[in-house]
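Below are the chains, spelled out letter by letter.
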Amino acid sequence: MIDFEPTPEQQEGIEAAHQAAKELFRPVSRYYDEHEHESPKELIDKIWDRRSDIAFSVGLDPAAALRIEELCWGDAGLYLCIPGPALGGAAVFSSGTQDQVGRFLGGFNEGGPKWGAMAMTEPHAGSDTASISATAARDGDEWVLNGEKIFVTMGKRALEDSDGFVVVWATVDKSAGRAGMKSFVVPAGTPGMRVEKLEKKLGIRASDTATIIFDNCRIPFNNILGNPEVKKTETKGFRGAMATFDATRPIIAAQAIGVGRAALDFVKETLGKKGIKIRYGTPRQKLTALERDIMEMEANYKAAKLLTLRALWMMSQAQPNSLESSMAKTKAGLAVTKITQKAVEIMGPLGYSRKHLLEKWMRDGKINDIFEGTGQINMLVTARRVLNYSRDQLK
Amino acid sequence: MISFSPTEEQQMIVSMVKQFANDEMRKIYRECDESGEIPHNIIDTAWKMGLISNNIPEEYGGFDGEHSAITGSLIAEELAWGDLSLAMHILCPALFSYPILEMGTDTQRKKYLPLFCDDKFKTATAALIEPYFDFDPYSLSTTAQPEGNEYVLNGEKCYVPLAADAQFILVYAAENGNSQGFIIEKDTKGLDIGERENNMGVNALATYELSLKNCRIPKEKRLGGSDGCDFNRIINYSRVALSAMAVGVAKAAFEYSRDYAKERVAFGEPIASRQAIAFMLAEMAIEIDATRLMAWEAAWKLDRKEEATKEAYLAKSYADDMAIMVTDRAVQILGGHGYVREHPVELWLRNGRGFTTFDGMAIV
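Chain order of the listed sequences is A and B. Its first residue numbered 48, the first sequence is counted upward by one per residue in our numbering. Its first residue numbered 381, the second sequence is counted upward by one per residue in our numbering.
Everything labelled a hint here was simulated from the structure, so no lab data went into it. Backbone N, C-alpha and C fix where the C-beta goes; we use that ideal spot for every residue, glycine too. Just to be clear, a hint being listed does not mean it is correct.
Unchecked claim - Derived list of chain B stretches under chain A, where covered just means 3 residues or more per stretch with a C-beta under 8 Å from a C-beta of chain A: (1) 437-443; (2) 473-486; (3) 575-589.
Claimed, not checked - Within a straight-line C-alpha distance of at most 20 Å, the following computed SDA-like cross-link-like pairs (lysine to any residue) qualify: (4) B/K690 / A/T168; (5) B/K690 / A/R339; (6) B/K642 / A/G239; (7) A/K333 / B/K642; (8) A/K324 / B/E575; (9) B/K690 / A/K442; (10) A/K385 / B/N612; (11) A/K385 / B/D701; (12) A/K324 / B/K642; (13) A/K442 / B/G648.
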């Protein structure tokens, strides 16, 4: 039955996430935007104490998107600081064995706060993930990793501030192309791995974005996710990476939606205080330009949200969702960009000023149109799927 | 529990309607658009699917199914994918019967609902739109003035589907500034049905202007009697129907232009293998899906008897923009071939443009 209502239990989780966003994130939102690279230690401890409330590890379903929306309504950068296995966890879940899931994720909610991260991008390979140049060479019972990874979200917290891990994508056989691409779990503290630098960014400044160097970094043989063998015709490793995207793209979309709603709420609240009502139901030709803008923003928010819920619902039903995930990500990236930029415009001096959070939301929101595949890459994936074209048929 | 899966029963209805749209409507729609005529037999075949009588309680002769806006929007999408004119014709009696079903008095339900449970198509319609650029369903120029035991109706209506053949017309008019429905029978004095209209699109659908001059009807002919009707809810039903129909039209145009782009070769490759074309198609697909989900959400709220004005309105305005964007791009992808009537995309563009105008011309 078509239904848009979360269960009462899910609703509680969503409300708890909203409370956490309001009480923990919003009061320090501006501070950590202006103090980039300063770790919100106190906040993280508070989150850690309330982690059962925030309940982010319950699994990937539409309710997860609604919780993420609430948290990112609070602050998208601080959301990324929430301890957890994050994208690294998604990779372990989608490509790892049961033993590996237990080994790497088992104790994640115990002891002190920990983070997981994923290292895919390199200085010369972004969305073109098949051409990464980091290498993994087998040496007896170990793999030896070499290479440079950039844009690793929460890389520093995963590797320097906690006993977390990073999932690294590297090739075991360059001549094999995509078939040679594998992923490896590297725990914090492994010799030969170091955080080289932290990026200074347009937005989501509370979260760290690290460059990580692997210099003869040795890890146990069974830290490889998926099959270690290279068969030229088999691209399972690569497809593992792509399968991870099916899960992570709707999550990014949910983050986008949260930021978009923050901006929308602010605008509507401000207008409301002035007694300006948005007249839903009024014929278009009678609407003010302002009403048209707000309605367009709201409709885009809704469109992105529903596409996101659908993508995650399909995932929770074990239905293939690559198309729907990319659709959701494309739409949400566009929507948050449009909504937040328009909100800054509409609010004039309030929008542009750092006294309020609108300008920050515009900066924060933009990342969702970029990471986990830019809007263009997701449009390309969507196009290939709707046309039933291979990567060679549609470049 | 959030879910995007229609019930088994809904899936059965959808597959039946889909088949009808594909096997029957798609065979004749182009010809219907050119001639402006719809053969009776297809309307009768459609009627036999029981799409309207299915929702009428058994006591009135119906099949006792639940009247659901979600089911209605699923049906509307499939029919509009087949053809918008035909879809509007087939569903036209619902413009009269659904408001009676939902908001009619016992007497009104007893009198009118059984008429829609016959095996023959029963022509009835509703008149909402008025021939003014600033037409507003919430602020109608047509008036209903109470006088003793009667209402006196005055005003002009247009885009009234099948008015010439309709035995009953539900006319919406302002009573003290509030929009309400009034049941008017064909031979009522003062009711004048004009010539058939000619519009840019929906050419096969017969629509009419009508004028009401001191048209007197008994008081009990007001929809819902002394309680009146929840006009807002009727408009919301209509917005959901039109949103779903916009999805159907857009989907037809998308599929056709997608298939064309994969076949049409330029510079040695199908044009679909260029991002300029492929990205247009991707965006069309995204917006079609998004609109469908918005229509479903509004329908879901209506089915739960919740206030749905915002959802229905946003879905409809989004659908309006989506329909014109998608159908225009379909023409663009076919280029010169899209502009000639040998291909159907120009028809979908003409029909797609109409959604901003079609208030109240369909209902779920």
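What are the numbers of the hints that this structure violates, sorted from low to high? As far as the earlier hints go, 1, 2, 3, 4, 6, 7, 8, 9, 10 and 12 are violated by this structure, in ascending order.
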